[in-house]
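**Q** Could you build all of it, start to finish, from the sequences and the hints given here?
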Amino acid sequence: MSQLSVKHLLGIKDLNEQDIQLIFKTADNFKDVINRPIKKVPSLRDITIANLFFENSTRTKLSFELAEKRLSADTISFSASGSSISKGETLIDTVNNILAMKVDMIVMRHPNPGAGVFLSKHINSIIINAGDGAHEHPTQALLDAFSIREKYGDVAGKKVVIVGDILHSRVALSNIFCLQKLGAEVMVCGPTTLMPRYISSLGVKVEHDLVKALNWCEVANMLRIQLERQDIKYFPSLREYSMLYGLDKKLLDSLNKPITIMHPGPINRGVEITSDVADSEHSIILNQVENGVAIRMAVLYLLAGRADK
Amino acid sequence: MKPRKIVNEQEFQLTILRLCYQLIENHDNFNDTVIIGLQPRGSFLAKRITEELKKITGNLNIPCGLLDVTFYRDDFRRRDDVLIPQSTEIDFIIENKNVILIDDVLFTGRTIRSGLDAMLDFGRPKLVELLVFIDRRYSRHLPIQPTYVGKTVDTVTEERVKVSWKETDGEDAVYLFTSKEN
Numbered sequence: 001m002s003q004l005s006v007k008h009l010l011g012i013k014d015l016n017e018q019d020i021q022l023i024f025k026t027a028d029n030f031k032d033v034i035n036r037p038i039k040k041v042p043s044l045r046d047i048t049i050a051n052l053f054f055e056n057s058t059r060t061k062l063s064f065e066l067a068e069k070r071l072s073a074d075t076i077s078f079s080a081s082g083s084s085i086s087k088g089e090t091l092i093d094t095v096n097n098i099l100a101m102k103v104d105m106i107v108m109r110h111p112n113p114g115a116g117v118f119l120s121k122h123i124n125s126i127i128i129n130a131g132d133g134a135h136e137h138p139t140q141a142l143l144d145a146f147s148i149r150e151k152y153g154d155v156a157g158k159k160v161v162i163v164g165d166i167l168h169s170r171v172a173l174s175n176i177f178c179l180q181k182l183g184a185e186v187m188v189c190g191p192t193t194l195m196p197r198y199i200s201s202l203g204v205k206v207e208h209d210l211v212k213a214l215n216w217c218e219v220a221n222m223l224r225i226q227l228e229r230q231d232i233k234y235f236p237s238l239r240e241y242s243m244l245y246g247l248d249k250k251l252l253d254s255l256n257k258p259i260t261i262m263h264p265g266p267i268n269r270g271v272e273i274t275s276d277v278a279d280s281e282h283s284i285i286l287n288q289v290e291n292g293v294a295i296r297m298a299v300l301y302l303l304a305g306r307a308d309k
Numbered sequence: 310m311k312p313r314k315i316v317n318e319q320e321f322q323l324t325i326l327r328l329c330y331q332l333i334e335n336h337d338n339f340n341d342t343v344i345i346g347l348q349p350r351g352s353f354l355a356k357r358i359t360e361e362l363k364k365i366t367g368n369l370n371i372p373c374g375l376l377d378v379t380f381y382r383d384d385f386r387r388r389d390d391v392l393i394p395q396s397t398e399i400d401f402i403i404e405n406k407n408v409i410l411i412d413d414v415l416f417t418g419r420t421i422r423s424g425l426d427a428m429l430d431f432g433r434p435k436l437v438e439l440l441v442f443i444d445r446r447y448s449r450h451l452p453i454q455p456t457y458v459g460k461t462v463d464t465v466t467e468e469r470v471k472v473s474w475k476e477t478d479g480e481d482a483v484y485l486f487t488s489k490e491n
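Heads up: the protein sequence lines correspond to chains A and B, in order. Residue numbers are given in our numbering: position 232 of the first sequence equals residue 232, and the series is strictly consecutive. Offset between the second sequence (1-based) and our numbering: plus 309.
Derived from the structure by calculation, the hints contain no laboratory data. Given the structure is predicted, the values throughout are model-derived calculations rather than measurements. You can trust all of the hints, since none of them are fake.
Below, a sample of chain B positions facing chain A; criterion: calculated Cβ distance under 10 Å:
no., residue
1, Phe385
2, Asp390
3, Leu392
4, Ser396
5, Phe431
Distance condition first, Cα-Cα at most 27 Å in a straight line; then the derived DSS-like pairs of lysine-lysine:
no., chain 1, residue 1, chain 2, residue 2
6, B, Lys356, A, Lys31
7, B, Lys435, A, Lys40
8, A, Lys205, A, Lys249
9, A, Lys69, A, Lys31
10, A, Lys39, B, Lys435
11, A, Lys159, A, Lys31
12, A, Lys25, B, Lys356
13, A, Lys205, A, Lys159
Partial selection, computed: residues in chain A whose CB lies under 8 Å from chain B:
no., residue
14, Ser2
15, Asn29
16, Pro42
17, Leu302
18, Gly305
For glycine and all other residues, C-beta sits at the position ideal for the given N, C-alpha and C.
**A** This is the structure:
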């Protein structure tokens with residue numbers, strides 16, 4: 001099989017295992033490319049990509065832009081602040097206007113869940129979801145799983161715990177889908193108030209005790225508390241949260257085996273994870289960032305390859 | 310119709326040896342020369358030639374790399390399927406070196422064009438030569454000519470030439486397929 005089963009990348013839910021493996025295999029090659037003296041290949045030189053970020057982003061936006069540039073694509077970027085969105089233009093109008101300028105692909109982050117799916121039904125272009133509300137963040141899940149594969153050789157059979165604000169996290173949902181499709185065991189851990197009610201129907205283990213969760217897992221993915229999405233108070237204080245669900249060096253050293261620490265960023269040092277853990281040899285946080293560029297190059301390459309169909 | 314065998318195993322070995330001696334005439338002890346095989350099928354020839362050269366010259370340090378040209382091809386988005394890359398394995402410097410670029414069959418010249426582009430991303434060589442096992446004459450789309458040729462064959466576009474390798478196909482031989490086969 002040499003192409004993806006999907007036309008857009010809207011969520012991991014739509015992908016099958018072969019798709020994910022194909023993305024990984026292609027990303028292996030792009031990882032070689034970005035570690036060369038000349039980090040650029042001409043594959044997408046006749047493609048124009050619009051990065052539409054209706055919500056703040058540093059890492060994902062830069063990572064996508066870099067991936068596009070490494071593939072020689074032309075890029076235009078757009079942030080919601082300072083745009084005509086504030087003048088009342090609808091999403092479809094905005095995107096159609098951009099497409100009228102002969103743009104081939106859209107990378108979009110949007111605060112509303114399902115924005116990418118909605119757009120794909122009304123727009124004739126390739127859409128890559130760079131995060132839609134609390135729904136999915138597919139490239140983050142792919143790069144997380146890719147980083148686990150890089151560290152352990154394979155994702156299948158690995159035990160991964162996702163700790164923190166599961167309720168508001170698109171990273172958690174995409175990670176659950178991705179890891180399960182690749183055969184990993186997934187556990188979620190966090191306070192009951194930050195746990196979606198029917199989360200166990202996804203086939204994940206649920207644990208509220210961080211120490212038990214960490215002793216069970218091989219990899220811990222520590223999520224940030226998404227204060228910007230929290231409409232009410234879900235826990236008494238950040239200090240209490242960090243006492244119960246924060247990972248520090250003392251806790252890490254007390255575990256029955258060494259575990260790998262991941263974080264999708266941005267880190268709130270001292271809340272979900274302390275500096276000495278984030279910067280320890282167990283952490284692969286910066287590898288995740290590097291792999292993010294390779295994964296996004298692979299996704300762009302594989303989706304662009306069928307653009308004219 | 311069955312494919313026609315145009316090079317048998319004995320001729321195959323002789324051709325590889327002849328190509329090696331031709332290379333030695335121009336590159337002496339290979340101290341400033343590197344070999345790069347184009348993925349996927351040029352890599353077999355590159356490895357075979359490097360092994361023979363090591364035996365003949367006694368220089369066991371002849372660098373041999375593999376270059377994947379997928380990202381440099383000119384038919385991206387013009388095919389039904391997306392091209393999936395193979396690995397590139399070049400762990401040496403090509404800056405100021407003599408490079409022998411190797412592929413099994415030279416047809417339109419487009420792969421070699423991609424190969425030249427891909428190779429230049431690894432540095433500026435002093436000299437680049439092209440070695441191919443089979444040169445299909447009169448079918449070039451680009452002004453590209455090989456420096457060393459194993460065998461020249463005259464074919465029409467519908468025909469296909471396949472170099473078969475012991476490593477993957479169980480036999481060293483070259484076959485000519487006429488139209489609509491395989």
